[in-house]
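Chemist: Join the two chains, each given in its own frame, into one complex according to the hints.
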Amino acid sequence: MAETLTARAAWSVRSWWLVAAMWTRSIMAYRISFTLMLLANIATNSLDFVVLLLMFRHTDTLGGWTLPELAFLYGTSGLALGLANLLVGSIDALGQRIRAGTLDIVLIRPAPALAQLCAERFSLRRLGRPLQAGALLAWSLSRLDVHWTPDRLLLMPMMVCAGTVIFACVFIGGASVQFWWDEAKELQNSFTYGGATMLQYPPTVFARELVAGTVFGLPLAFVNWLPALRILDKPDPLGLPAAFQYASPLAAALCVLAAAAAWRAGLRAYRGTGS
Amino acid sequence: MALIELEDVRRSFTVRTRAGRLRRVKREVRAVDGLSFTVDAGECVGYIGPNGAGKSTTIKMLTGILVPSSGRLRVAGVDPARERTRLAQRIGVVFGQRTTLWWDLPLRDSYELARRIYRIPDARHRANLDRCVELLDLGALLDTPVRQLSLGQRMRGDLAAALLHDPQVLYLDEPTIGLDVVSKAKVREFLREVNTDRGTTVLLTTHDLTDIEQLCGRVMVIDHGRVVYDGGLGGLHAAGESERTLVVDLAEPRPAIEVPGARVVRVEGPRQWLAFPAQDSAAPLLASVAARYPLVDLSVREPAIEDVIARMYAEAVIG
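Going down the list, the protein sequences come from chains H and D. Our numbering applies: residue 4 is where the first sequence begins, and numbers increase by one. Our numbering applies: residue -9 is where the second sequence begins, and numbers increase by one.
So here's chain D without its partners, still in its complex pose (with noise of 0.2 Å):
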């Protein structure tokens, strides 16, 4: 079942710049060109893509913030632009950056808020937040002022309160952001917990691939508005023509190796680095090498994922 639906969903804005001393001029910007995707119930899907490239305008639309200048959008059944307070009973949302929480006052006493603005019924008020409390480790930080919390313990509180009116969807903008190693770990983990064990469909932003690597089987590549990947991130090699990379040690310093199907694109002493299309085999390759030239050592590095994705965002610039 389709959760979210956006069809040839446009959004401009219009910027004014000055030109001359009294002259503005007035310039649209599309940040939103043309998106169409559905989102399935239960999905978990990352939406990334180069600053600028219309995430937080999805987002924004999305949540109802913003209405969308044409096309049309569906979450969980709602119009979210026409009734943007009764979707907001079936969304949650995080912004990794802007804290919902009330700043001096205890974690509980948010979530206090949260029961009445929401009318969650006590009881399944009190069970969320327990199993809430008990996955995210809070039990201590109730009662602690959120000023006193670190940025870690505050996004935990954060995800908590989003959580609490058991939303369908759940909206995540760049939630590890300036995180440790450690946090981002216990976010992931809750995030994933959330996703499969209570079937909460889960849209995140982010510019940390790990973030998509260990949570989402889909991702969304934006950019200028546009969607220029959608699937699973195995797919994204092939999409962005990635390239593995093998690493030979020969006996002696050469100048470049000359060999079918690979061009070296470093040469280090007698280490050379030789790139081959991603999903072509090393072996032939390996073969070829070994046959001309006496080898000491090799090895084979994948792919980053990051690497494939600046790729991407590049070609998308260019086209």
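The shape of chain H in the complex, shown without the other chains (with noise of 0.2 Å):
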């Protein structure tokens, strides 16, 4: 059973890469187009960063976080966001193949339809996010004072792979939705890019009924938010058990578990197994 199941997982990523390798080809068939928009893309999501600096011009603080502390947490989030959208962002668009008809030419092939799906249309213009972030993440960390202790070394690269698997598990939860309800991008796009927006800012700007609500309910708190109050040594407005700092890695497998099972139920109601 383990044996079958790496298999699978492994036939599932080389899936992914030989799809994402013939977009990109594809996409090199028009090189400068795809310059341009990388450039474009890098810009206009530097322009979220522009607004905070405008802000921080008139104040030195905000909900008691410096600016390169903001960096940091502005960077960790659209690192997790732009590794997942490059990785599955595609999946998206899964409402509009349902009504082309194309989605029947990915379960017609003998790879898995959800690694096929996250390739498709994959484009490395979308590397212009977690670059910028990545940027401003290292930019943060040259400016802020951290008192690097093992636990916090450790946290930095956990908080970036768990914040990447839960945007990852938030698209293909929000995708799934759209075997049944072919509008749903929207309301997906409000958790991934409106959630990324939010955690940009410190958890204390906002109402606690909303960050609990990214602590119990869709766990985004814990792709930066929860291990940054470790990293930087700030109070939690929630006052939670310091535990809950370092449970991304938990929250992420959670939301693995609860994307798959939301996937097989709605590429089984598309298939029309049961009812």
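Hints are supplied without guarantee of correctness; some may be wrong.
[Said to hold, decoys possible] Rough simulated footprint, nothing fancy, chain H against chain D, three-plus residues with beta-carbon under 8 Å:
1. 40 to 54
2. 69 to 79
3. 84 to 92
4. 95 to 107
Simulated from the structure, these hints should not be mistaken for laboratory data. It should be emphasised that the depicted structure is a prediction, and the values quoted were computed from it without experimental measurement. Cβ atoms here follow ideal geometry from the backbone N, Cα and C, with glycine treated the same way.
Modeler: Next up, the structure:
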């Protein structure tokens, strides 16, 4: 069982890779347009941060967080969303594929449908966001005086990986809804892009109920807020046990289970198994 | 050996229609309603029926895309609903209106992806590709981006893509739709080759009955989700109660003539059209007409298969 599961996972990754490579080559047929799009992508993403900069011309802190600390949140949130979008973001076009009837093309190939759909329209120009977010994260780390302990060092990569997985699951979970309701894309966008924008700001500026919702509901707080509290040594507005600040991988694992279940249910509904 | 088996297969969809402002009425539509048939290895079967008869739903169930609501289904020894990806290795699918080729890439790249996705051994892939390239005349097109191909060229490209992994069954959904006469002929010639030489079982849906006449030894007519005819093309005439037409040119214009065993369907000056059952001989009818009226000329017209099928569809709607 475990063996077939790893084999299936490996085949999924390989399928994703094969399809993504085809799209990369397709897009390279239009090289100039690719370069322009990548630059435009970086520029538009940077505008978010310009807004933050403007805000800091009038104040030194926002919700008790300094500019480099905010840049840390901005960078980690953008990095996680950007990587998730790069890897699985194309899944949000599922509703269109269902309407156009091209989902069937995917289903007649001997490869997992989800992997193929995630790689569909794969484009390296989506590297714009994670590149820009990563650069900002590097800048913030150079300005912050983090007291680096082993657990904090470990939290950094853990946070980025878990955050990417959590956003990827939101993409996939949202896409699953499109099997029933093909206009669900906007709803999903409000959780992915909207969620990432929220995570660029400190949790202290939001209502407690909203922050609690991101811990116990849709667990976006685990993308960067909770681990950042530990890394930057900030007080937790909710006063949760310290274990929450290390729990991102666990939250990500739960997200994977939920997204997988949603995807299966959606595909089953499309194919018409059961009711 | 039966390669495709259906036993009382049914598939229904729930359709929600608006009734009033907020109320929605759920209605169950039976797209496929108790289909049972088998197709043996090596057969070439035409699967026809009017729009909405359940053809596409059947094909989607046979490819594992859709799961039947009830009944038993086996293709190449596999239950399509349970083992979709395993089945995919054994079937080839060509949708006339949707391409599986990569739009912005040369044809060659799509075949290379097929090699990897279907895990086709190198030597076999090369041999199959060479054969398809030769038979479909694709040599000059391999390095052309798919978007620059004509519809006929793209269809040939799609056919090759569907056969590289040596499928046991080939499903074709309207393979000649929108093609010009020359392209249609090429596609048919290739399909005949695939069916007879490779022994690939072919199931094709089409609205072009020439496809069936030239390719299929067996035709299945489906309507309202049920098989209304299954047999040879010739048998369709008897089943469809089709009529032949005797056209006579009389010496001078007359009112509609009266002879037993035939009825006049049209009169135009001295020319009259008499319809009689297709299985009856024309000789006695001709004799009785000639005995009573002076004839200048005559001809017998065979029924057009289109008319036969059109009548069959119409009857199925009533019955």
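Chemist: Hints first: check each against the structure and report whether it holds.
Modeler: Hints, one by one, checked against the model:
1. 40 to 54: Per the Cβ count (3), the hint holds.
2. 69 to 79: It holds, with 6 qualifying residues against the three required.
3. 84 to 92: holds (count 4)
4. 95 to 107: holds (count 5)
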